[in-house]
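Residue numbers (our numbering), protein chains in the order written: chain A, 1 to 136; chain B, 1 to 136; chain C, 1 to 136; chain D, 1 to 136; chain E, 1 to 136; chain F, 1 to 136.
Treat the hints with caution; some may be incorrect.
Cross-link-like lysine to any residue pairs, in silico, SDA-like; alpha carbons within 25 Å at most [stated by the list, open to error]:
| hint | chain 1 | residue 1 | chain 2 | residue 2 |
| --- | --- | --- | --- | --- |
| 1 | A | K90 | C | D37 |
| 2 | C | K29 | A | R113 |
| 3 | C | K126 | E | K29 |
| 4 | B | K29 | D | P51 |
| 5 | E | K29 | C | D124 |
| 6 | A | K131 | A | G86 |
| 7 | B | K131 | B | G86 |
| 8 | D | K5 | E | K6 |
| 9 | E | K127 | E | L31 |
| 10 | C | K29 | A | L135 |
| 11 | E | K5 | D | P51 |
| 12 | D | K6 | E | I119 |
| 13 | B | K131 | B | R113 |
| 14 | A | K6 | F | Q120 |
| 15 | B | K6 | C | R50 |
| 16 | E | K131 | E | I119 |
| 17 | C | K5 | B | R11 |
| 18 | B | K29 | C | P51 |
| 19 | D | K6 | E | A49 |
| 20 | F | K5 | F | L15 |
Simulated DEER-style distance windows between Cβ atoms [unchecked claim]:
| hint | chain 1 | residue 1 | chain 2 | residue 2 | range |
| --- | --- | --- | --- | --- | --- |
| 21 | F | K127 | A | L85 | 31 to 37 Å |
| 22 | D | Q7 | E | E22 | 25 to 31 Å |
| 23 | D | K18 | F | G20 | 41 to 47 Å |
| 24 | F | A49 | E | E22 | 35 to 41 Å |
| 25 | F | N116 | E | Q7 | 51 to 57 Å |
| 26 | D | S54 | E | K132 | 49 to 55 Å |
Residues of chain B clear of chain F, computed beta-carbon distances all greater than 12 Å [as the list claims (entries may be wrong)]:
| hint | residue |
| --- | --- |
| 27 | Q7 |
| 28 | L55 |
| 29 | R56 |
| 30 | E94 |
| 31 | H101 |
| 32 | W105 |
| 33 | A111 |
| 34 | Y115 |
| 35 | D124 |
| 36 | K131 |
| 37 | I136 |
Source of the hints: derived by calculation from the structure; they are not laboratory data.
C-beta atoms are modelled at their ideal positions from N, C-alpha and C, and glycine is treated no differently.
Below, each chain spelled out in residue letters.
There are 6 protein chains.
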Amino acid sequence: MSDYKKQRFKRGMDLLKKMGRENLMLDQKELAPELYDISVGHLFGDVWARPGLSLRERQLVTLAANIALARPTGNHSHYRSSEHLGITRKEIVEVIIQVGHYAGWPTISNAVRQYNAVIQEENDIKKGKKKKRELI
Amino acid sequence: MSDYKKQRFKRGMDLLKKMGRENLMLDQKELAPELYDISVGHLFGDVWARPGLSLRERQLVTLAANIALARPTGNHSHYRSSEHLGITRKEIVEVIIQVGHYAGWPTISNAVRQYNAVIQEENDIKKGKKKKRELI
Amino acid sequence: MSDYKKQRFKRGMDLLKKMGRENLMLDQKELAPELYDISVGHLFGDVWARPGLSLRERQLVTLAANIALARPTGNHSHYRSSEHLGITRKEIVEVIIQVGHYAGWPTISNAVRQYNAVIQEENDIKKGKKKKRELI
Amino acid sequence: MSDYKKQRFKRGMDLLKKMGRENLMLDQKELAPELYDISVGHLFGDVWARPGLSLRERQLVTLAANIALARPTGNHSHYRSSEHLGITRKEIVEVIIQVGHYAGWPTISNAVRQYNAVIQEENDIKKGKKKKRELI
Amino acid sequence: MSDYKKQRFKRGMDLLKKMGRENLMLDQKELAPELYDISVGHLFGDVWARPGLSLRERQLVTLAANIALARPTGNHSHYRSSEHLGITRKEIVEVIIQVGHYAGWPTISNAVRQYNAVIQEENDIKKGKKKKRELI
Amino acid sequence: MSDYKKQRFKRGMDLLKKMGRENLMLDQKELAPELYDISVGHLFGDVWARPGLSLRERQLVTLAANIALARPTGNHSHYRSSEHLGITRKEIVEVIIQVGHYAGWPTISNAVRQYNAVIQEENDIKKGKKKKRELI
Numbered sequence: 001m002s003d004y005k006k007q008r009f010k011r012g013m014d015l016l017k018k019m020g021r022e023n024l025m026l027d028q029k030e031l032a033p034e035l036y037d038i039s040v041g042h043l044f045g046d047v048w049a050r051p052g053l054s055l056r057e058r059q060l061v062t063l064a065a066n067i068a069l070a071r072p073t074g075n076h077s078h079y080r081s082s083e084h085l086g087i088t089r090k091e092i093v094e095v096i097i098q099v100g101h102y103a104g105w106p107t108i109s110n111a112v113r114q115y116n117a118v119i120q121e122e123n124d125i126k127k128g129k130k131k132k133r134e135l136i
Numbered sequence: 001m002s003d004y005k006k007q008r009f010k011r012g013m014d015l016l017k018k019m020g021r022e023n024l025m026l027d028q029k030e031l032a033p034e035l036y037d038i039s040v041g042h043l044f045g046d047v048w049a050r051p052g053l054s055l056r057e058r059q060l061v062t063l064a065a066n067i068a069l070a071r072p073t074g075n076h077s078h079y080r081s082s083e084h085l086g087i088t089r090k091e092i093v094e095v096i097i098q099v100g101h102y103a104g105w106p107t108i109s110n111a112v113r114q115y116n117a118v119i120q121e122e123n124d125i126k127k128g129k130k131k132k133r134e135l136i
Numbered sequence: 001m002s003d004y005k006k007q008r009f010k011r012g013m014d015l016l017k018k019m020g021r022e023n024l025m026l027d028q029k030e031l032a033p034e035l036y037d038i039s040v041g042h043l044f045g046d047v048w049a050r051p052g053l054s055l056r057e058r059q060l061v062t063l064a065a066n067i068a069l070a071r072p073t074g075n076h077s078h079y080r081s082s083e084h085l086g087i088t089r090k091e092i093v094e095v096i097i098q099v100g101h102y103a104g105w106p107t108i109s110n111a112v113r114q115y116n117a118v119i120q121e122e123n124d125i126k127k128g129k130k131k132k133r134e135l136i
Numbered sequence: 001m002s003d004y005k006k007q008r009f010k011r012g013m014d015l016l017k018k019m020g021r022e023n024l025m026l027d028q029k030e031l032a033p034e035l036y037d038i039s040v041g042h043l044f045g046d047v048w049a050r051p052g053l054s055l056r057e058r059q060l061v062t063l064a065a066n067i068a069l070a071r072p073t074g075n076h077s078h079y080r081s082s083e084h085l086g087i088t089r090k091e092i093v094e095v096i097i098q099v100g101h102y103a104g105w106p107t108i109s110n111a112v113r114q115y116n117a118v119i120q121e122e123n124d125i126k127k128g129k130k131k132k133r134e135l136i
Numbered sequence: 001m002s003d004y005k006k007q008r009f010k011r012g013m014d015l016l017k018k019m020g021r022e023n024l025m026l027d028q029k030e031l032a033p034e035l036y037d038i039s040v041g042h043l044f045g046d047v048w049a050r051p052g053l054s055l056r057e058r059q060l061v062t063l064a065a066n067i068a069l070a071r072p073t074g075n076h077s078h079y080r081s082s083e084h085l086g087i088t089r090k091e092i093v094e095v096i097i098q099v100g101h102y103a104g105w106p107t108i109s110n111a112v113r114q115y116n117a118v119i120q121e122e123n124d125i126k127k128g129k130k131k132k133r134e135l136i
Numbered sequence: 001m002s003d004y005k006k007q008r009f010k011r012g013m014d015l016l017k018k019m020g021r022e023n024l025m026l027d028q029k030e031l032a033p034e035l036y037d038i039s040v041g042h043l044f045g046d047v048w049a050r051p052g053l054s055l056r057e058r059q060l061v062t063l064a065a066n067i068a069l070a071r072p073t074g075n076h077s078h079y080r081s082s083e084h085l086g087i088t089r090k091e092i093v094e095v096i097i098q099v100g101h102y103a104g105w106p107t108i109s110n111a112v113r114q115y116n117a118v119i120q121e122e123n124d125i126k127k128g129k130k131k132k133r134e135l136i
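If we strip away everything but chain A, and leave its shape as in the complex, we get:
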């Protein structure tokens, strides 16, 4: 790996830690290590780490895009990293309401279901009912 790629990987991993996301995308690492390097190094090290927007705002617009696109998997972790960065439950609900009016009611239903599932899982972990986060 070139020095540049090593640096951007480190920058990406540092940011992932700051967001509480350092244990994600490991299935990419397993299937295709080079894809994992693109995700950590390019997406997080070169894009997320850019100046021009605060990390909070970058997380808010990413959460908005993900709620709007309503992909089958991959959204749950963004509710978690939003909370990790200090975005409150009330604020996340506002993003769901606002974006849902632009992307349609089924994206509201979907987001509410996903966010409730994340909240439930966190509670189960706190109470010791569950050991590992499974919603990603």
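Could you slot chains B, C, D, E and F onto chain A? The hints should help.
Structure of chains B, C, D, E and F alone, referenced to chain A:
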């Protein structure tokens, strides 16, 4: 119109003015006045006017959703109201880059083309080459 | 809650009962009571309750939109309310075939899988194998 | 062409005439005659011509799917064939409002703009200002 | 069933066997036999069986479309039929990386999760831990 | 710019030339030079230039993804670069037919209209009626 609907319409119109959007959606008024009332009254008076997110953040997440969805029309005005609310060109470009990685490169191309067209139109208006904003 | 909002909530809830949907969206109520009020009051009380289309036709076009958009969750209940309103299995299949040609074959596969799952669950409930509807 | 394909082509063309759509999809004929045969023969002769839904309802669900998907081109003609089949302006507006709540506000804006353009073009043709329909 | 429809059904079924997909879409058969006939006969017998692209390339572009659209169900089987036709794991990963840049990172995450699940299921079947393929 | 970024930019530009795309994305350069660097350097230099699929196949799957997503702008240039790489008109039509069955008929109409417009523009340039390619 009930008092409630009158109030929410006024609240919506006040917000639209604050965002420089008061001359938009007039084609809805022409085709279907009740739809115009839902858009001004419900969408702007009851949703956009909610507390819980600043107006700047509400505009940022809406811009993000619109860039991600890349609908054929309706995005241009959000670059304008973003700037009207003080979001800088640099910040808008960052939203395009960030969201584009979550919604795919064609949404980057599309957003850049739309935003450049808005900037061009504003310049043409300043120089007196154009009298009316046409991109909505 | 203003009188207007109380009235539209009641109108929405009455309609939900007519469609057999009165026990849905309770996860919204749990996460964010104001969102639940918007869904019952605005979406059902102010939009679904509008004149201009019969309830059967409003359900048909909503089913069509949902099949076309193929969101991860939230479609199952519309097969149920369609049947509740007297739309036959044969008619639902025709909507799937027709819309699927406009939204692509994966939306056909997805709709068939969802509708079969609903039919199965209803059978299980009739036979006492299952106590509660879980597909929403 | 086999007898079956000839028959389904005729069935499709007859239906297209009934809907006022017989002069559409000629760009497919020009680029790829076999594709035109699939569109007329399979889509209209074998799918649209199926029993189980009235032609009015088939048009309503197709209009709904198209509004929800908001593709860049191809929607205009469905406002026209809807009116050709007796669906009123008021009903089309209701489909836009209903579907727009499931597919998001930008699909409302987009549909209103398209439908207004179709209405304008029809007026221009009636007044002799325009000779040919161009919105398809 | 007309002779033409019988022939195209056979042609479709032959192709499905060549792709290892002959046991799929049986839920369509159960719900609506005529839809199953359209899927086997039209989609596979009349479309997939067309000349002009090799079967490998037709599978590659279909895999690409499915990854881009990221529908909730229906993608898993295309990783399987791709491998059945000799497309390697390395090549499938490249399609995911390439298409993911045009459809956005969540479609990469989604595809990786689906493909890993298929690989896992195949391993479980080889080891006798599982008897039947369930991911479709 | 680091050496790595210079190298990947050159690798990207070389590939763009090979595809006849070297004059594209200049509006990105104008609005945001760093975005242009990401597009040329990361998307073309680091992704398109990857081994594992031939350039022809990479173009085919990209064309497929773009037809399926049917974004308002940005597709025209891919019909051109496909032809530039030796993919025939007949093959492009097959991609449209195949993908259109997975993404829905409006994506067929849209692709046919775009591809016909590109063919027309190329003819106009050959005949000297037009000087510059405008469809991008």
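A quick look at each hint next to the structure:
1. Simply put, K90 of chain A and D37 of chain C have alpha-carbon atoms about 16 Å apart, close enough for the 25 Å limit, and the pair holds.
2. About 11 Å separates the Cα atoms of K29 of chain C and R113 of chain A, which keeps this hinted pair within 25 Å; it holds.
3. A hinted pair counts as satisfied when its Cα atoms are at most 25 Å apart, and K126 of chain C with K29 of chain E qualifies at roughly 24 Å.
4. Between K29 of chain B and P51 of chain D the CA atoms are separated by roughly 38 Å; this puts the pair beyond 25 Å, and the hint is violated.
5. Restraint check for K29 of chain E and D124 of chain C: satisfied, since their Cα atoms lie roughly 21 Å apart, inside the 25 Å limit.
6. With a C-alpha separation of about 24 Å, the suggested pairing of K131 of chain A with G86 of chain A holds against the 25 Å cut-off.
7. Restraint check for K131 of chain B and G86 of chain B: satisfied, since their Cα atoms lie roughly 24 Å apart, inside the 25 Å limit.
8. Distance check on the hinted pair: K5 of chain D and K6 of chain E sit about 13 Å apart at the alpha-carbon level, within 25 Å; holds.
9. For the given pair, K127 of chain E sits about 33 Å from L31 of chain E by alpha-carbon distance, which is inconsistent with the 25 Å threshold.
10. Between K29 of chain C and L135 of chain A, the direct Cα distance comes to roughly 22 Å. Compliance with the 25 Å bound is thereby established for this hinted pair.
11. Note on K5 of chain E and P51 of chain D: the hinted pairing holds, with a Cα-Cα distance of about 18 Å set against a maximum of 25 Å.
12. Under the criterion of a C-alpha separation no larger than 25 Å, the hint pairing K6 of chain D with I119 of chain E is inconsistent with the structure, at around 45 Å.
13. Restraint check for K131 of chain B and R113 of chain B: satisfied, since their Cα atoms lie roughly 21 Å apart, inside the 25 Å limit.
14. Restraint check for K6 of chain A and Q120 of chain F: the C-alpha separation of about 48 Å exceeds 25 Å, so the hint is violated.
15. Distance hint between K6 of chain B and R50 of chain C is fulfilled; the C-alpha atoms sit about 19 Å from each other, no more than 25 Å.
16. Restraint check: the Cα-Cα separation between K131 of chain E and I119 of chain E comes to about 15 Å, which is no more than 25 Å; the hinted pair holds.
17. A threshold of 25 Å between alpha carbons decides the hint, and for K5 of chain C with R11 of chain B the separation of about 16 Å falls inside it, so the pair holds.
18. With a CA separation close to 19 Å, the supplied pair K29 of chain B and P51 of chain C stays within the 25 Å bound.
19. Straight-line distance between C-alpha atoms of K6 of chain D and A49 of chain E comes to about 20 Å, which keeps the hinted pair within the 25 Å bound.
20. The straight-line distance between the Cα atoms of K5 of chain F and L15 of chain F is roughly 15 Å, inside the 25 Å bound, and the hint therefore holds.
21. Judged by the Cβ atoms, the range 31 to 37 Å given for K127 of chain F and L85 of chain A is violated: they are separated by roughly 58 Å.
22. Taking the beta carbon of each, Q7 of chain D and E22 of chain E are about 29 Å apart, inside 25 to 31 Å as hinted.
23. The hinted window of 41 to 47 Å between K18 of chain D and G20 of chain F holds, with their beta carbons roughly 45 Å apart.
24. The supplied range of 35 to 41 Å is met by A49 of chain F and E22 of chain E, whose beta-carbon atoms lie about 39 Å from each other.
25. The beta-carbon spacing between N116 of chain F and Q7 of chain E, approximately 32 Å, falls outside the hinted interval of 51 to 57 Å.
26. Roughly 42 Å separates the CB atoms of S54 of chain D and K132 of chain E, a value that falls outside the hinted 49 to 55 Å.
27. With a cut of 12 Å on Cβ distances, Q7 of chain B stays outside the contact zone with chain F, its closest approach being about 37 Å.
28. With a least CB separation of 25 Å from chain F, L55 of chain B remains clear of the 12 Å interface cut-off, as annotated.
29. Distance check on R56 of chain B: its Cβ is at least 21 Å (rounded) from any Cβ of chain F, clearing the 12 Å threshold; non-interface status holds.
30. The Cβ of E94 of chain B does not lie farther than 12 Å from every Cβ of chain F; its closest approach is about 9 Å, which violates its non-interface assignment.
31. Consistency note on H101 of chain B: stated as away from chain F, yet its beta-carbon is not over 12 Å from all of that chain's, at 9 Å minimum.
32. Distance check on W105 of chain B: its Cβ comes as close as 6 Å (rounded) to a Cβ of chain F, failing to clear the 12 Å threshold; non-interface status is violated.
33. For A111 of chain B, the non-interface assignment is contradicted: its Cβ lies about 10 Å from the closest Cβ of chain F, within the 12 Å cut-off.
34. At roughly 7 Å, the least C-beta separation between Y115 of chain B and chain F is not larger than 12 Å, which violates its mark as non-interface.
35. With a minimum CB-CB distance of about 16 Å to chain F, D124 of chain B clears the 12 Å threshold, and the non-interface call stands.
36. Against the 12 Å criterion, K131 of chain B stays outside the reach of chain F, whose nearest CB is about 25 Å from its own CB.
37. Even its closest Cβ contact with chain F, about 14 Å, leaves I136 of chain B beyond 12 Å, as expected for a residue assigned away from the interface.
In summary, the structure is inconsistent with hints 4, 9, 12, 14, 21, 25, 26, 30, 31, 32, 33 and 34 from the numbered list given earlier, while agreeing with the others.
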